[in-house]
Amino acid sequence: MSFLGNSKELLLAYSGMKKQSLSHAVNIMLTPQFYTLKKESLPLKYLYQAKRIAPSLFDGFLGDSQKHEYFVYREEDEWVFIAYDMEAISEFLSSKDIKPEQVAKIFFAQQASDSFTAPVLLGDKEALVSLNDTVVVIPQGALQESSETASFTDAFTPGTGVTPQGTHASVLSKKQTIGLAAFFTLFAFMFFIEGWMYSHDSQETQEEMQILLEDNPSLQSQYSRDSIAAKYKTIDKNERRKREVVKTLAGMIFKGVKVSTFQMNEKNFKVEFICSDAKVAQRLVQLAKKSEFNSAKTITGNVVHIEEKL
Amino acid sequence: MNWKLYRNELIVAASLVLMLSTLIYKNSQISSRSQEMSSLKHTVTEFRELVSLQKTWANKNISKKVDKLEKIVSQSKVKWSKKGKKLTAVYKGLDPKELNKLITTILSMAVQIEELKIARNSSSYDVEFKCKW
Numbered sequence: 001m002s003f004l005g006n007s008k009e010l011l012l013a014y015s016g017m018k019k020q021s022l023s024h025a026v027n028i029m030l031t032p033q034f035y036t037l038k039k040e041s042l043p044l045k046y047l048y049q050a051k052r053i054a055p056s057l058f059d060g061f062l063g064d065s066q067k068h069e070y071f072v073y074r075e076e077d078e079w080v081f082i083a084y085d086m087e088a089i090s091e092f093l094s095s096k097d098i099k100p101e102q103v104a105k106i107f108f109a110q111q112a113s114d115s116f117t118a119p120v121l122l123g124d125k126e127a128l129v130s131l132n133d134t135v136v137v138i139p140q141g142a143l144q145e146s147s148e149t150a151s152f153t154d155a156f157t158p159g160t161g162v163t164p165q166g167t168h169a170s171v172l173s174k175k176q177t178i179g180l181a182a183f184f185t186l187f188a189f190m191f192f193i194e195g196w197m198y199s200h201d202s203q204e205t206q207e208e209m210q211i212l213l214e215d216n217p218s219l220q221s222q223y224s225r226d227s228i229a230a231k232y233k234t235i236d237k238n239e240r241r242k243r244e245v246v247k248t249l250a251g252m253i254f255k256g257v258k259v260s261t262f263q264m265n266e267k268n269f270k271v272e273f274i275c276s277d278a279k280v281a282q283r284l285v286q287l288a289k290k291s292e293f294n295s296a297k298t299i300t301g302n303v304v305h306i307e308e309k310l
Numbered sequence: 001m002n003w004k005l006y007r008n009e010l011i012v013a014a015s016l017v018l019m020l021s022t023l024i025y026k027n028s029q030i031s032s033r034s035q036e037m038s039s040l041k042h043t044v045t046e047f048r049e050l051v052s053l054q055k056t057w058a059n060k061n062i063s064k065k066v067d068k069l070e071k072i073v074s075q076s077k078v079k080w081s082k083k084g085k086k087l088t089a090v091y092k093g094l095d096p097k098e099l100n101k102l103i104t105t106i107l108s109m110a111v112q113i114e115e116l117k118i119a120r121n122s123s124s125y126d127v128e129f130k131c132k133w
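So the protein sequences, as listed, match chains H and G. Following this note's numbering, the numbering of the first sequence begins with 1 at its first residue and continues without gaps. Following this note's numbering, the numbering of the second sequence begins with 1 at its first residue and continues without gaps.
The shape of chain G in the complex, shown without the other chains (with noise of 0.2 Å):
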C-alpha cells in the first residue's frame, strides 16, 4: 500500500488524534485536580484564618498596648492593677469626652472584655474594666 497516496487523510487524521490527546489530557486534569483542588483551597483558606486569628487574639504585644488604658487619662483617676495577662482598671470622675475615649480604644484592643461597668454619677462617670488576653 501505497502511504504516499494517503498522506492527507494521515496529516488530518495525527492533528485529530493530537487534539483528542490534548482533550483527553485536560479532562484527565481537571477530573483529577477539581476535587483535590476545592480541598486543598479549603484548607489553605482556614488555615489563613487560623493564622489570622491567631495573630489577633495571642498578639504578644497586646501587653504593652493595654498600658496606653492607664495613661489615656490622668493618674488620679485611675487604680491600675495588671497582673501577668489579667487586668483590672478602676476609672472615677471621667467626663463625657474621656469616657468616650477610653471605651473607643478598649474596643479596639484585641482583649478579652471580662465586665465592663459603667455608671453615671451626676454629671461624671465611673468605669470598671476586667480584661484578659
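Isolated chain H (complex conformation) (with noise of 0.2 Å):
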C-alpha cells in the first residue's frame, strides 16, 4: 500500500474486454482503440501553448472535432498529442458494467510505452505492444512464436492521467460552476466587508469615547457627568433665552421708537418704549405680539409697556 502514489487497481480497457464487476474505483488504461495519437517536434516551450495548439494538429483526423478533448504531454524532444471523445469512452465503460464514479483516473496506454517491453495480449485475438515507442493494437498472429509475453499490472501505471469531469454524475456544468462560485464568492465579500465596517466603525467611537474621557477625568463617572450636565445646560438655556430677549427687543425699534427704561433680571424683564405718536405704538404693539410678547400694552397713547416672565 503505497501512502504517496496512485495505489488503485489499473485496468486496461480494450473493445473486445468482458464486462467487469467491481466494487472500487480503479484506474483505467486505454488501448489505442480508444484515442488517436500525434507526435511533433515544436519549437514550444510551455505545455499550455501545446495545448492550445491541439485541435488544429488533428484537423480533417477526426470525425466529429467538437465532441474530442486533447491529452498532451513531451516526450524527450517531441510533444505527443492524444484526441480522445470522453463521452466514447465513457459510454463504452458502461457497456463493461464500469460505472463513471468508479473511474479514478484515465491513462493512455502510449504514456507507458516504456513499460510494454514485451506484448501483452488482448484477449484471444490482439495484441499490445510497442514499436518505436508507440504503443499499437496488433493481431496475435502477427506475434513471433517464440516471443514472450508480458502481464498487464499496476505497473504499468503512468504518472499523470485525466480525470473524468464527472460529466455523468454532476449536474452542473464548468460554466454554472464558476458562475455560481463566483457569485456566492463576490456576495461573500460583500457581507464581509459590511460586517467588518460594522465592527470597525464601532471600535472608532469607543476610540472616540476613550480620548475624551482621558481629556476630561473630571467627567469620568456617570454621577458627576449628570450632575455637571443638569447645571450648565440650566445656565445655558437661561443665559440663551436673555440674549434673545435683548435681541429681539433691539430688533424692535424703528424710526420713532426709543427706550425709555429697561430692566432684565434672572426671572423676568420689563420695558418701555415712547413712541413718537398713538400709529407708531399701535404698530410696536402688533410687532411685539408678532414676536410673542402677548403683555405688550399701550400705556397713555404712546407709550408701549412689556413685562414678561424669562
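What the hints contain is simulated information worked out from the structure, not anything from laboratory work. All clues stand as given, with none of them false.
Among chain G residues calculated to face chain H with C-beta under 8 Å, some are:
1. 9
2. 15
3. 16
4. 22
5. 25
6. 26
7. 30
8. 37
9. 41
10. 44
11. 51
12. 103
13. 116
14. 117
15. 119
16. 120
Here are some chain H residues the structure puts well away from chain G; computed CB gaps all over 10 Å:
17. 20
18. 33
19. 73
20. 119
21. 141
22. 151
23. 156
24. 252
25. 254
Computed from a prediction, not measured in an experiment: that's the story for all the values here. Ideal Cβ positions, reconstructed from N, Cα and C, are used throughout, including at glycine.
Both chains are sitting in their own frames, so use the hints and assemble them into the complex.
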C-alpha cells in the first residue's frame, strides 16, 4: 500500500474486454482503440501552448472534432498529442459495467510505452506492443511464436492522467460552476466587508469615547456627568433666553421708537418704549405680539409697556 | 464514493457555505453592535455637548474678558466693582452709540446676567449691569 503514489488498481480497457464487476474505484488505461495519437517536434516551451494548438493538429483526422478532448505531454524532444472522445469512452466503460463514479483516473497506453517491453495480450486475438516508442494494437498472429508475453500490472501506471469531469454524475457544467461560485464568493466578500465595517465603526466610536474620557477625567463618572450637565444646561438655556429677548427687543426699535427703561433680572424683564405718536405705538404693539410678547400694551397713548417672565 | 465526480457541486456548495457564513457574520455584527453603537453614540454626543458647555460657561479666561467692559467707554462714565467672580458696573451718560456697543459686548460674553437696567435720561442713557461667571 502506497501513501504517496496512486495505489488504485489499473485496468486495461480494450474493445473486446469482458464485463466487469467492480466494488471499488479503479484507474483505467486505454488502448489506442480509444484515442488518436500524434507526435510532433514543435518549438514550444510550455504545455499550455501545446494544449492550445492541439485541436488544429487533428484537423481533418477526427470525425467530430467538437466532441474531442486533448491530452498533451512531452516525450524527450517531441510533443505527444492524444485526442479522445470522453463521451464514447464513458459509454464504452458503462457497457462493460464500469460506472463513471468507479473511474478515478484515465491513462493512455502510449504514456506507458516504456513499460511495454513485451507484448501484452488483449483477449484471444489481439496484442498490445510498443513499436518505435508507439504503442499499437496488432493481431496476435503477427507475433513471433517464440516471443514472450508480459502481464499487465499496476506498475504500468503513469504519473499523470485525465480525471473524469463527472459528466454523467455532475448536474452542473463547468461554466455554471464558475458562474455560481463567483456569484456566491462576491456576495460573501460584500457581506464580510459590511460586517467588518460595522465592527470597525464601533471601534472608532469607542476610541473617540476613550479619548474624551482621558481629556476630561472629571467627567469619568456618570454621576458627576449628570450633575454637571444639569447645572450647565440650565445656565445655557437661561442665558440664551436672556440674550434672545434683548436682541428681539433691539430689533423692534424703528423710527419714532425709543427705549425709556429696560430692566432684566434672573426671572423676568420689563421694558418701556416711548413712541412718537399713538399710531407708531399701535404698530409697535403688533410687532411685539408677533414676537410673542403678548403682554405688550399701550399706556397713555404713545408709551408701550412689555413685562414678561423669562 | 469518488468525490472528484461531484467536484463542481462541491465547489458551488463551498462557495454557498462561505456566503452564508459571511451573511451570518454580518447579521451578528449588526445585531450585536447596533444597540451598543446607538447607546455609545448617544453618550459620545452628550459628552461632547457637556464638554462644550463646560468650556463656554466655566471658561477660566472670562475674568480677563470681563475687564473689557470697564474700558469700553471713558473712565469718567463708569463705576466699576469686581469681586471674585462677580461684577457690578454702573454706566452714566452713555450716548446711543456707546450703549449699543456696551450691550453687544455684554451679550457676546459667556457670563450669567443677574441684572441689566437701562434708563433713558433726556438724550443719554444710564446702565446698571450685574453678572457672575
